[in-house]
Every structure is written in C-alpha cells, then in structure tokens.
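Undergrad: Residue numbers (this note's numbering), protein chains in the order written: chain D, 1 to 73; chain B, 74 to 580.
Certain hints may be false.
[Claimed, not checked] Here are the computed lysine-lysine pairs in the DSS-like style, where the Cα-Cα straight-line distance is at most 27 Å:
{"no.": "1", "chain 1": "B", "residue 1": "Lys527", "chain 2": "B", "residue 2": "Lys510"}
{"no.": "2", "chain 1": "B", "residue 1": "Lys384", "chain 2": "B", "residue 2": "Lys310"}
{"no.": "3", "chain 1": "B", "residue 1": "Lys354", "chain 2": "B", "residue 2": "Lys257"}
{"no.": "4", "chain 1": "D", "residue 1": "Lys38", "chain 2": "B", "residue 2": "Lys310"}
{"no.": "5", "chain 1": "D", "residue 1": "Lys13", "chain 2": "D", "residue 2": "Lys24"}
{"no.": "6", "chain 1": "B", "residue 1": "Lys527", "chain 2": "D", "residue 2": "Lys38"}
{"no.": "7", "chain 1": "B", "residue 1": "Lys348", "chain 2": "D", "residue 2": "Lys13"}
{"no.": "8", "chain 1": "D", "residue 1": "Lys16", "chain 2": "D", "residue 2": "Lys38"}
{"no.": "9", "chain 1": "D", "residue 1": "Lys24", "chain 2": "B", "residue 2": "Lys348"}
{"no.": "10", "chain 1": "B", "residue 1": "Lys354", "chain 2": "D", "residue 2": "Lys38"}
[Stated by the list, open to error] In silico negatives: residues of chain B with every beta carbon more than 10 Å from chain D:
{"no.": "11", "residue": "Glu77"}
{"no.": "12", "residue": "Ala277"}
{"no.": "13", "residue": "Gly399"}
{"no.": "14", "residue": "Val543"}
{"no.": "15", "residue": "Asp575"}
Just so you know, the hints here were simulated from the structure itself, not pulled from any lab data.
All values reported here derive from a predicted model rather than from experimental measurement.
Here a beta-carbon is modelled for each residue, glycine too, at the ideal position from N, C-alpha and C.
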Amino acid sequence: MKRTTIASEITGKVWKIEAAAGSKLAEDDPIVILESMKMEIPVSAPIDCTVVEILVAEGDTVAEGQAVAVIEG
Amino acid sequence: MPYEKTLEELAARRAAALAMGSPKRLAERREAGILNARERLALLFDPGSFEEAGLLAQSVRPEMAGRTPADGVVSGFGRIDGRLAGANAADFTTYGSSSAETHGKKQGFVRAACEKNGLPLVYLNECAGGRIPDIMGAAGIGRAGEGGRYTRRRSSPVLAAVLGLTYGGGAFACINADLVVMRKGSVLAVSSQMTTSVAIGEEADPQDLGGWRLHSETTGFVDAVVDTDAEAIAWIKRALSYLPDHANAATPVQADHADGDAAALLDLVPETRAKTYDIRKAIAAIADAGSVLAIKDRFAKAAVTAFARIKGRAVGIVATNPMFKGGALDPDACDKIASFIVLCDSFNLPLVFLADTPGFLVGLESERRRLPGKIMNFMAALELASVPKIALVLRKSFGQAYLNMGAGRSDTTAAWAGAEISFMDPAVAVNIVYAVKREDDPARFEDLAKEVAKGTSAYDLAAPFMAHAVIDPRETRDYLARHLDIFSRRLTGAIGDHRLADWPPAF
Chain D
1 MKRTTIASEI
11 TGKVWKIEAA
21 AGSKLAEDDP
31 IVILESMKME
41 IPVSAPIDCT
51 VVEILVAEGD
61 TVAEGQAVAV
71 IEG
Chain B
74 MPYEKTLEEL
84 AARRAAALAM
94 GSPKRLAERR
104 EAGILNARER
114 LALLFDPGSF
124 EEAGLLAQSV
134 RPEMAGRTPA
144 DGVVSGFGRI
154 DGRLAGANAA
164 DFTTYGSSSA
174 ETHGKKQGFV
184 RAACEKNGLP
194 LVYLNECAGG
204 RIPDIMGAAG
214 IGRAGEGGRY
224 TRRRSSPVLA
234 AVLGLTYGGG
244 AFACINADLV
254 VMRKGSVLAV
264 SSQMTTSVAI
274 GEEADPQDLG
284 GWRLHSETTG
294 FVDAVVDTDA
304 EAIAWIKRAL
314 SYLPDHANAA
324 TPVQADHADG
334 DAAALLDLVP
344 ETRAKTYDIR
354 KAIAAIADAG
364 SVLAIKDRFA
374 KAAVTAFARI
384 KGRAVGIVAT
394 NPMFKGGALD
404 PDACDKIASF
414 IVLCDSFNLP
424 LVFLADTPGF
434 LVGLESERRR
444 LPGKIMNFMA
454 ALELASVPKI
464 ALVLRKSFGQ
474 AYLNMGAGRS
484 DTTAAWAGAE
494 ISFMDPAVAV
504 NIVYAVKRED
514 DPARFEDLAK
524 EVAKGTSAYD
534 LAAPFMAHAV
544 IDPRETRDYL
554 ARHLDIFSRR
564 LTGAIGDHRL
574 ADWPPAF
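Please model the complete structure; the sequences and the hints are all you need to start from.
TA: Set out below in structure tokens:
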C-alpha cells in the first residue's frame, strides 16, 4: 500500500467534502469538490484507495498544486 | 559460374551488414522484449516492400569500417498499408546508433527523398548522442551542422517513435516530427544523466530527465504513450491513416464507416452547465464509432485534441474538457491547441471546435506562465489556418475563449439550444459589475443575475446571424457531416494555403 498526496489542479474554493478519513473510494470517485471558474470541479481518486486524511475544510481557498488529501492504495 | 567470386563477396557483405551489431547485444534486447531495428521495420512496412538504402554503408573512419554495419541506422523505403513511405530505424546494437557522418548522410538521403517526392517519413529512434571521437573537434561539430537535418517545412508528414535511450540528434529528430509516440521505459533528452552529472553536478534519474511521464504530462512533446515496440509501430500506422501523403494531397475519405451515437449526447452532457463531464465521451459519440485517436491526451487535459472521422472524413477535433480544470484553458492548453491547429492546417484536415468552457484560466499562475501571449499564439494559428473550420458551442462559451474556440472566425458557427454565450459568466458579472455576492444578498444576486443573463442565449447569437444554426444536440453528428461537405471542397480541391507550415517545431 502506497501513500499518495492528492493535489488540486486548479485554484479555487472548497465547496463540498465528499469523503472522510477511512472512506473507501473507487477510481474517479470525488474526494472534494471545488468551485472555480463558476464550475463544480471534483478532485477525484486517481486509483481505488482508502482516504487517510482530508487536508482542507469547506470554504477554504486552495491553490493550484496544493495538497487536499492523502490516500493509500 | 561467371561472377562467382564477385557475387560471393556481395552476399558475404550483405550478410555481415544484416547481422547488425554484436550478437550479445541483440540477444539482450530479445530477452528484454525489445525489438531490433530490422524487426521494427518488418512490422512497419508491408511484407516484402522494404527497399533499403545504404545497407553497405559504414563509418568513414578506416579503423571502424568493419565494425559499423550500415553505420548504425537502417534506412530506406517501403509501403505502409499500401502507401509508399520512408523510414530511418536506429540500430542501437551498433555504437548506440550514435550520430556520425555516414549515419547522418543516410538519414538525410531518406528525408530529402520524402520531402521531394511527398512521402511520409517515419523515425524509429534510439540514439546514444554524438559518436565520439567522430563529433569531437571543430571539424566534428562543424560536420554535424551540414545538410538540411534541422529544416522543418511540414511538406510531408513525419512521425517518430521514441523506442529507447534517445539523446542529441535522435531527440531533435523526434522534436521536429509532426507526431511522436513513446514506449514506456524510453528516454528523450538533450543529453544523458552522465553528461548532466558532469556538466552541472546534478544527479538525475533518466526517467525524470526525459521519461514518458515528463513528456506526456509536463512538456507535451509526446503525443501518445505505449507499452511495447509493436504498439508504438501500430500507433504510427494508425495516426498516418488520418493524414495525406503530403501537404498537396487531400486528406483521405473512407468509403465505409461505422455510425456514431449522437442521440447519447443528451445523457452524456449534463444540462446544468456548472456540472462537469468528460467531453471525450461526447466526441466518441459524435464521431464514427471507434475512430477517435487522442493526441497529447495526458497533457493540458482541459483541452482535447484528437483525430477522428465523421462519416468517413478525417478531421481534427479541438474541444475543451469540463472534466479537467472545468474546461478553463490554461497556458499549456493554448500551446496544445495551437500546435494541433498547425498540424491539421499543414495536412489539410478540417477542424471542428467543440466549446464548453468558462473561459481562459485566469490567476497568478497563468499570468506568470505567459497566458496573454499563449492566447494570442493560439489565435494567430487559428486566424492563419485555411482548412475548413466549424465552430460549435455546446453548453457555454465565455469571453476571449469564445473567440479562440473558432466562433465567428470559422467557415460556420453554430450552438446547441440552451448554450450561453457572453463576455463572462453572468454570475461572475454580478460580482464584478455590481459587487454583489450570492452569499451576502441572495435575492438581489438572483435579480441581478437574471438581468445580466439577458441576451446570452444561443438565440441571441442566431438573431444577428452570428450563429448560423441552433441545433438539437442529437443533430450534432449530421450537422457536422453536412457542413464538412459544404465547406471542405474549396477551389483548390481541399488543399489549404499552409501558412503555418513554418511554425516553430516546439513552443
């Protein structure tokens, strides 16, 4: 099992957190949803994995490349 | 028998050259599942069609003469699915297919013949770099600059496969190609980690220096990534099937084609424009089934560039993908699209623009990475392109991105019913123009949003004849097929002006 940090690909605001520590996700399942450019932009699991930690809260501003979660899988 | 000794010598010389470099190296490759130069060419060319140039060539250095079969590159001509083409295949078992005088002359011979006769050219590359000592000294580097090896005129398609360690001249040949496929495990870089380590004291993993992830995701130099040599060659053959033999030939139209599934678009594309989806699925539904070949699929993913067929006609598709960055175009996306426009325009492929974008991706990072310049390069390529262009707005297209995605500057412009078009997203405009945020005053925000959203529908674009049609999404495929028929003929028989043929190789 390898730990991986998941980063936001875009600057924006955290609109919704869709998973919590311990959540089991399939590839492409959303972890958090950002609001940017007036779009709902999911940050998704790149592989089937378990969420280790969510690093942001709803309403936070995140920058491009900023870590939003740690997964294991 | 007359000529007996003469013919024996010819046979012996041919056999020695066909044996390539050391048997040990050939065996190592076989064990690693990596093909040698001649096996690769056998996959590329139709059986029995290979006509070799320079089988008996060798190094100009007398002491190397017996040890440099074909001087490390197998060159010549053959047929790819019936079409004549040239190829240079690196023989890495002969001094790492390093660049040297005869080696370069052979490649130049095939390249010049392809340019002069309008034949596609394929590089199957590996290259240890410049051969030492040949390239050393003033005359060594001077010789390397002779000939036209760096000229890129996009007169006939050049396709390259990176199939191993590819440095120096071998890497530059790939950069100068129109399309590049890379086998995983290969490296494309100016110089190896050994040179890097000595030159600047930096230790680097070869994959970090020039591996498939770097080139498919960060530099965008590589158009596709595959796992095996055979897949790389299959990719080259497939990519070539969308292109004409040369710039003065029309793009092939296939008589037989599979149907698309445009009816599925209502389900594939969410009606709510803030919702994301993968536009690649929509493209697959619009095009002939199984006909889409993504170009640079892992790079700048907010933009999609792909070859496809619509009712048998090869086209280049440029789209924004809401799945990534909301479909907002960043500086890399601009480069990706501009280079694709250059490619399509050079080889007479009509361009279809599918816009579903909130605009260009604004912000610090984009401005630092030269977004305004990138937008204008993209626009310059669009404006100079003379191939047929069709612009279609799916759900929304705002601001400068609306213009860059071809609307109003194509042969024809259309929009899906329900599309929104404006200078900026109405919700952003309320914030900026009236300084009202939804969370502060929801009622006033909604009133103002309604006001600002007036005049932003597809019908508001159709009324002044700025959109020439407003269509049901399910009509997309037929609409495109019919309008490609109308706008593809030209007085030149579908041959473009090629004003982008001298565009820089990489930018």
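Undergrad: Each hint needs a verdict: does it hold in this structure or not?
TA: Okay, the hints, checked on the actual structure:
Using a Cα cut-off of 27 Å, the hinted pair B/Lys527 and B/Lys510 holds, with the two alpha carbons roughly 19 Å apart. Note on B/Lys384 and B/Lys310: the hinted pairing holds, with a Cα-Cα distance of about 21 Å set against a maximum of 27 Å. Taken as a hint, the B/Lys354 and B/Lys257 pair is honoured in the structure, with Cα atoms around 26 Å apart against an allowance of 27 Å. Restraint check: the Cα-Cα separation between D/Lys38 and B/Lys310 comes to about 42 Å, which exceeds 27 Å; the hinted pair is violated.
Of the supplied pair hints, the one linking D/Lys13 and D/Lys24 holds, its CA atoms being roughly 24 Å apart against a limit of 27 Å. Distance hint between B/Lys527 and D/Lys38 is fulfilled; the C-alpha atoms sit about 18 Å from each other, no more than 27 Å. A distance of roughly 16 Å separates the Cα atoms of B/Lys348 and D/Lys13; the hinted pair therefore holds under the 27 Å criterion. The hinted pair formed by D/Lys16 and D/Lys38 meets the criterion: a straight-line CA distance of about 14 Å does not exceed 27 Å.
Distance check on the hinted pair: D/Lys24 and B/Lys348 sit about 24 Å apart at the alpha-carbon level, within 27 Å; holds. Distance check on the hinted pair: B/Lys354 and D/Lys38 sit about 22 Å apart at the alpha-carbon level, within 27 Å; holds. The beta carbon of B/Glu77 sits about 67 Å from the closest Cβ of chain D, which is more than 10 Å, so the claim that it is off the interface holds. Interface exclusion of B/Ala277 from chain D stands, the closest Cβ pair being 21 Å apart, more than 10 Å.
Listed as outside the interface, B/Gly399 is inconsistent with that label: its C-beta sits roughly 3 Å from the nearest C-beta of chain D, within the 10 Å cut-off. Distance to chain D confirms B/Val543 as a non-interface residue, since its nearest Cβ pair spans about 23 Å, more than 10 Å. With 10 Å as the threshold on Cβ separation, the claim that B/Asp575 sits away from chain D holds: the shortest Cβ distance comes to roughly 34 Å.
The structure fails hints 4 and 13 (numbered hints given earlier, in ascending order).
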